[in-house]
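J.: Here is what each chain is made of, one letter per residue.
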Amino acid sequence: MRVIKRTQINRRVPIGRRIYAANWECVLTLVLCMFATLAVGAPQDKPATPAEKYQALLKERQDGPEESSKATTAEERKQTQARLAKLPQRFFELAEQNPNDPVALEALIQTVSVVNGTAFPVGGKGSLDERALALLRRDHVQSEKLGLVCQHVLFGFHKSHEEFLRAVLELNPRAEVQGLACLSLAQYLNDRLNRLELLPGQPELVERYHRVFGKEYVEQLQRQDRAAVSKEAELLFDRAAEKYGDVKIPVTYYGSGGTIREKAEAELFQIRHLAVGKVAPEIEGEDQEGKHFKLSDYRGKVVLLDFWYRL
Amino acid sequence: MAQWPHERSLVKNLKDKPFALIGVHLDYGGDDASVVKRVMTKEQLNWRSFVDRGPIADKWKPAGTPSFYIIDSKGVIRHKWAGAPAAKAIDTALEKVIQEAE
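Line order of the protein sequences matches chains Z and E.
Residues in the first sequence are numbered consecutively from 1, following this note's numbering.
Residues in the second sequence are numbered consecutively from 1001, following this note's numbering.
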């Protein structure tokens, strides 16, 4: 599928693979890597400090994609991938072992970001992601850095994602973070509803969801009052646009930034006018012959509307 | 484009039904009608397409191309897909909605 790259189109993450490394994170990582380089220069006999360990892990994450592509043999590639797959675990352990060190927060953020940057479905019961979010809630719920974490879990599905977003919205004192929590929670609820709609008639997908998130949880979601959840998402989008409209959304690999107002209003338009069951908004324009026409000219016929590009 | 053969056959097979395939060719500030017409003629895309250079996409904000909607005879959105679904999914959905319109 071709993703439209112009400013006003909000990119939705394909359900398949997601690449990691958000733009701003690259900048941050670069800065941190410069410190890491300094740290590496230190004598090797002293045990590494938590900060040094963190920098080393961050560098591994940063270099990961390049290293994987450099691997020449299948064995080498396998080894690199196996080491990279353990990164979230190592970030998490670093945080768990040093709860009072400032790097704990950073390491937990990395855990969540790496786990949620891989192919869906991720996270789930007993996962690192769940444990990292629990520590973030316990120790850092007031941090100014949680806005981006909220965006990282918006395509989540697990209960821990929802609980985290609700906790940040309620307990974080900063308007920017509250705003991103509010927007992300609305997006999460909406996206989860959309995903649930894909399940009927797809037994393999259902089986994967059961495995990752737990049968009981998935079945409970399938029984929920769809209209009520949709309504809550709508109210949260409204609140995000009204109360936190000017807050900027960080640019990530799945979104091109903009303000909360822009994003929330676009989502509200989708919910109110472009959802299944709504009357399609009018389209007016010219056809390939330069002739003016309208979508409503075809009332009385069933229309398959295809947004396409010639290449 | 992968969906073209299926779309050609839909237009052909459903020509006596209350059905229309309508494209929205999407290119921000880019291709104009002459470019779109040339491609559609060459590829034998025998249906009508809006030529959008921004305004329609700004409103509908499709996740990408292709994106599909099925709109019933009363103008109500009945199905939507981001990305090309299996041909069968479109066929099944269309069949039901067209039956209602007949």
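Since the hints were derived computationally from the structure, they do not count as laboratory data.
We treat Cβ as the ideally placed atom computed from N, Cα and C, and that holds for glycine.
A portion of the hints provided could be inaccurate.
[Stated by the list, open to error] Partial list, derived from the structure: chain Z residues whose beta carbon lies under 10 Å from chain E: (1) Pro203; (2) Glu207; (3) Arg208; (4) Tyr253; (5) Ile271; (6) Leu274; (7) Ala275; (8) Lys278; (9) Ile283; (10) Phe293; (11) Leu304; (12) Asp306; (13) Trp308.
J.: Does each hint hold? Answer for all of them.
T.: Hint check:
Look at proline 203 of chain Z: its Cβ only gets to about 16 Å from chain E, farther than 10 Å, so that hint breaks. Here the hint on glutamate 207 of chain Z is broken, as its CB sits about 19 Å from the closest CB of chain E, past 10 Å. Given the 10 Å rule on beta carbons, the hint for arginine 208 of chain Z is violated: about 18 Å separates it from the nearest Cβ of chain E. Interface restraint check: tyrosine 253 of chain Z against chain E, minimum CB-CB distance 15 Å, threshold 10 Å, status violated.
The restraint placing isoleucine 271 of chain Z at the interface with chain E is violated, with a minimum CB-CB distance near 12 Å, outside the 10 Å limit. With 10 Å as the threshold, the beta carbon of leucine 274 of chain Z comes within range of chain E, its nearest partner Cβ sitting at about 6 Å, so the hint holds. Interface restraint check: alanine 275 of chain Z against chain E, minimum CB-CB distance 7 Å, threshold 10 Å, status holds. At its closest, the beta carbon of lysine 278 of chain Z sits 6 Å from a beta carbon of chain E; the interface hint therefore holds under the 10 Å criterion.
A hinted interface residue such as isoleucine 283 of chain Z counts as satisfied when its beta carbon comes closer than 10 Å to some beta carbon of chain E; here the least separation is about 6 Å, so the hint holds. A distance limit of 10 Å between C-beta atoms decides the matter here; for phenylalanine 293 of chain Z the minimum to chain E is near 7 Å, and the interface restraint holds. Because the smallest distance between the Cβ of leucine 304 of chain Z and any Cβ of chain E comes to about 5 Å, under 10 Å, the interface hint for this residue holds. Among the interface hints, the one on aspartate 306 of chain Z holds; its C-beta lies about 5 Å from the nearest C-beta in chain E, closer than the 10 Å criterion.
Hint status for tryptophan 308 of chain Z: holds, given a least beta-carbon distance of 5 Å to chain E, under 10 Å.
Hint violations for this structure: numbers 1, 2, 3, 4 and 5, all remaining hints satisfied.
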